[in-house]
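**Student:** Sequence:
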Amino acid sequence: MTADAVAREAGVTRSTESPGLSSQAAAELLAQIGPNEISTSKPKPLIFQLLAYFVQPLIAILLIAAVISGVSGDWLNAAIIIVIVLGSIGLDFYQTRRSQVAAASLRSQVAPTATAKRDGVWAELPRSALVPGDLIRLTAGMLVPADAQLLTATDLHVQQSALTGESMPVAKTASLSSSAALNNSTPENPADASNLVFVGSSVVSGRAEALVSATGARTTFGGIVTSLARRAPETEFERGMKSFSLFIVQIVLFLTLFVFAVNTLHKRDPLQSLLFAVALAVGLTPEFLPMITTITLSNGASRMAKKKVIVKNLSSIQNFGQMDTLCSDKTGTLTGGVMTLAGRLDPAGAPSERVFMLAYLNSLFETGITNPLNTAILDTSASGIKGADPLDQAILNADHPDVQPYRKQDEMPFDFERRRASVVVTRAGESGHLMLTKGAPESVLAVCTTYEHSGVGEHSGENEHSGEGEQNAGVLPLDAAAQVRILAVYQGFSAQGFRVIAVARRDIPEADQQPAYQASDEHDLTLVGFVTFLDPPLPDAREVLDELRAKGVAVKILTGDNELVARHVCEAVGLDVGRVVLGSELAAMTDTALLQVAEANTVFARVAPAQKNRIILALKARKHVVGYMGDGINDAPSLHTADVGVSVAGATDIARDAADIILLEPGLRVLLSGILEGRRAYGNVMKYLLMGTSSNFGNMFSMAGASIFLPFLPMLPTQILVNNFLYDLAQITIPSDNVDDAFIQKPHHWDIGLIRRFMFWIGPISSVYDFLTFYVLLRVFHAHEAEFHTGWFVESLATQTLVIFVIRTFGNPLKSRPSRPVALAATLVVLVGALLPFTPLSGLLGFVPLPPLYFVFLTFATLTYLGLVELVKRCLFGQVMG
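The letter at position 705 of the sequence shown is residue 758 when you use the numbering used here, and the numbering goes up by one with no holes.
Source of the hints: derived by calculation from the structure; they are not laboratory data. One thing to keep in mind: the hints can contain errors.
Restricting the straight-line Cα-Cα distance to at most 27 Å, the calculated cross-link-like pairs of lysine-lysine (DSS-like) are [unchecked claim]:
{"hint": "1", "residue 1": "604", "residue 2": "361"}
{"hint": "2", "residue 1": "676", "residue 2": "604"}
{"hint": "3", "residue 1": "799", "residue 2": "361"}
{"hint": "4", "residue 1": "868", "residue 2": "295"}
Ranges between beta-carbon positions, derived for each pair [said to hold, decoys possible]:
{"hint": "5", "residue 1": "881", "residue 2": "356", "range": "20 to 28 Å"}
{"hint": "6", "residue 1": "600", "residue 2": "631", "range": "47 to 55 Å"}
{"hint": "7", "residue 1": "499", "residue 2": "726", "range": "47 to 55 Å"}
{"hint": "8", "residue 1": "485", "residue 2": "420", "range": "16 to 24 Å"}
{"hint": "9", "residue 1": "173", "residue 2": "530", "range": "52 to 60 Å"}
Beta carbons: idealized from backbone N, C-alpha and C, even for Gly.
Using the sequences and the hints, build the whole thing.
**Tutor:** Below, the structure is given as structure tokens:
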């Protein structure tokens, strides 16, 4: 709704003389439309958060397996599965809840009050009480409390980087720009409208009065919050778990039908055959996967917490590891977001300390609109002035010249018509005044008639004002040829991504001095030169980008800043820029065309929030695992859409809520650590999946085969439970295992094909050795039933446990050292299994002592089994590592 429409509906006039809304009218409107709050998504009640875990596909499969085990009379196995499921859910819930509490503690109040006109009186009101039609007053330092159209504006600068990504404050006026007014239109990105201000932005300088046009969720960027309530696109982790769960369901159904059919053909009891088939199928489910995954990810989250990283969502660690594309704005990622003084140049582009001296005096004595370039000048010498514009601060933080002899006489503040600011100073011991002007090069050149050659003028005191070592040269007329040369210098630096301001002076003899100066006195100036500014790259940006690239992560820059600055910064940190794609190009591009453009290009400039989201969706459609790093309101949809969203502690509360991971300190270095942690977590989870599914499949295949020709059960139920219990004890230590450096050098995506191939190759190899054991027990040792049970128990436990030393590494198991817990657990489990038949528990468990010669066979069978698995593993893993 336009401000005119709002004013008509509210019954107020679009005038600063209006008394504003009455308290009664405002109260009625507030009751109708609700408070002015852009509320972030509220956490679901704890009971719903818990229930959400139970509908996950794998958890549902395990719970069904527990029910089937209970129905078939195997209550102990059912209880074990339920305990494991509840334990993993509890641990995951605890970690996630703790992270939510930590993230909530980072919230800060945003614009708690606002100055509004009610009943003809200006008053401080709670921000939530504002309604459309309210007249509000804005002054420097305030946060904009609602979307509004400016009625009056004096020297108004607004910082809206949280909305647009543009690091510089923007000028706002009470009227549309000439081009917009001519076309009677608003820009494609509403934040670019010169006469509108938006919630989420802040007033850097100046003052204004405005008419509130929208509040709460109806604000321009309130829709961002609404979009966060929608379900996020499926992440790589969720896709992988869903595919794996579907794969397990397919295998369970096939195995159940196959075993039931075979037993039915052998004229066995149909009910017993069905229960036996179901029990075998249940044994295939990786019941420890939820716990292994949760413990692995929790360990990673704990290590990341020590590096000042809050993990809100455990699964995001694994997404981190699989991430192959990182999208981010340049500010805060490649650069520190602080303007610094880059150069001080005479009109010919040569270094000049004199230019800096005069620019410093202008920034020091200027009290009008704060400017980030003044900040850059001031920051070069001192700690800066609180509240100064970033460019003034950059100037004042540069070298600290001697300014003691100078005193301020007057000031002509910056305004948007002139686009320059002037101060008049005197120097101790001199009678003349010196006017110093600084501003946009075109605006300063328009009031210059001469320029300094070699940085020095020709008045009597010039040597005192000049920098050390500079030689007196003279002042030359600023004719057409000189203007062309000087503009080429300015435009050359602008093309390199620098922000440039011009510095000029005018000596005012005693006879022409005035008690007060006006903007009209800015004439016949002498151009002294330029000062250039840059938000410099972070010291380690190039190094970290090189490491990310080496580890298979492509970095793409999506910025609201202009293309020149974006190109310069990206090239400075070593990114292969090539073509810079503009938001205007994306607006005219179809989603199909964007698939190719997003894949082929690295830098996207002047992009709106919705366009960032489109780029991320296009990359995900190309099967990339995409991370996004952002801290503004405009970044929230992209954080929500990406496979893993990353924000910082100083971000807007909406951005933090949408993120999966929050960095307490900005920078790419900690992101790289998170990526490596994610790859370690994925590596250990895959070890369990490959070992568990192949061993379980082999055991079930062996059990099904043995049931066909044996006149007795191949292993008693209690023995199966003990075997599973000891085997699971060895698996619990997998989250602590070391991961090969070669594995974490590149991202690995969920590969159900690899799991399937591994299961169908390694599982049958295990069964071959089981059948070999059956043959040796029956034909060589002429084993009776109890001895058969004992022999297979020991062989089965030894082979499926020790195979972890082969499967745990993609390389040579003799060169890859396991963690101490893994090595100890596997060794102890095999020893316990081998010694059980010789303990007092043997009778209770149905075991009998085995002959010494059997252990000779067991050693031979285990070693050859591990060797054969190693050969097959290298063939299977070679495709992945290649």
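**Student:** Please go over all the hints and tell whether each is borne out by the structure.
**Tutor:** Comparing the hints with the structure gives:
Of the supplied pair hints, the one linking residue 604 and residue 361 holds, its CA atoms being roughly 22 Å apart against a limit of 27 Å. Of the supplied pair hints, the one linking residue 676 and residue 604 holds, its CA atoms being roughly 18 Å apart against a limit of 27 Å. Restraint check for residue 799 and residue 361: the C-alpha separation of about 24 Å stays at or below 27 Å, so the hint holds. Among the hinted pairs, residue 868 with residue 295 is inconsistent with the structure: their alpha-carbon atoms are about 35 Å apart, more than 27 Å.
For residue 881 paired with residue 356, a C-beta distance near 26 Å keeps the hint of 20 to 28 Å intact. At about 21 Å, the CB distance of residue 600 to residue 631 disagrees with the hint of 47 to 55 Å. Restraint check, residue 499 to residue 726: a C-beta distance of roughly 52 Å satisfies the suggested window 47 to 55 Å. Between residue 485 and residue 420 the CB atoms are about 23 Å apart, so this pair conforms to the stated range of 16 to 24 Å.
Remark: the range hint 52 to 60 Å for residue 173 to residue 530 is upheld by a beta-carbon distance near 58 Å.
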